[in-house]
Amino acid sequence: MTRPVVRLATADDVPACAAVVNDWIDATDWLPRDVPPEEIERQISEALPDREIWVAGDPVAGYLSFDPSTSRIGGLYISRPGEGLGKALMDRVKEGRDYLQLWTHLPNRRAQRFYAREGFTATGDEQDGSDNVPEIRMEWKR
8 MTRPVVRLAT ADDVPACAAV VNDWIDATDW LPRDVPPEEI ERQISEALPD REIWVAGDPV
68 AGYLSFDPST SRIGGLYISR PGEGLGKALM DRVKEGRDYL QLWTHLPNRR AQRFYAREGF
128 TATGDEQDGS DNVPEIRMEW KR
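Mapped onto the numbering used here, the consecutive letters of the sequence shown carry residue numbers 8 to 149.
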């Protein structure tokens with residue numbers, strides 16, 4: 008399999024990133040749609056100056072938001088699972104770092120399995136997310 012191209016997003020990529028997120032939300036039966044699609048695009052656009060926003064695929068089919076000030080992955084969304092996009096994005100954000108953290112929805116077992124394969128472990132911390140869906144915290148240490 009050819010390794011997906013991963014690059015930093017530009018403002019021109021924001022609509023494609025939002026489409027990946029919105030398609031994922033719409034395909035998920037356990038996550039309520041509590042944010043309108045245009046709000047997702049606005050949030051990504053506002054995050055762009057302060058976060059590392061990585062995209063994978065051409066056209067964009069994967070999106071990862073990373074806050075270097077907290078070492079926190081804020082979101083990882085893939086529109087075509089099984090093509091190595093998530094792994095490519097994760098490998099890129101791990102480069103040069105010794106620690107990463109994230110919160111993932113408790114019902115999202117597929118994501119938890121992916122993160123475990125990538126070396127993340129659950130910390131035991133839990134919270135209700137802003138969408139009122141329970142989340143668990145996971146960490147990766149080199």
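Treat the hints with care, since some could be wrong.
As the list claims (entries may be wrong) - DMTMM-like cross-link-like pairs, simulated, lysine to aspartate or glutamate; straight-line CA separation at most 25 Å:
(1) K101 <-> E46
(2) K101 <-> E125
(3) K94 <-> E146
(4) K148 <-> D36
(5) K148 <-> D57
It should be emphasised that the hints constitute simulated quantities derived from the structure, not laboratory data.
So, going through the hints one by one against the coordinates:
The suggested pairing of K101 with E46 is violated, with an alpha-carbon distance near 28 Å, which exceeds 25 Å. Of the pairs offered as hints, the one joining K101 and E125 holds, with about 10 Å between alpha carbons and a cut-off of 25 Å not exceeded. Proposed proximity of K94 and E146 is supported: the alpha carbons are some 16 Å apart, at most 25 Å. Straight-line distance between C-alpha atoms of K148 and D36 comes to about 32 Å, which puts the hinted pair past the 25 Å bound.
Restraint check for K148 and D57: the C-alpha separation of about 23 Å stays at or below 25 Å, so the hint holds.
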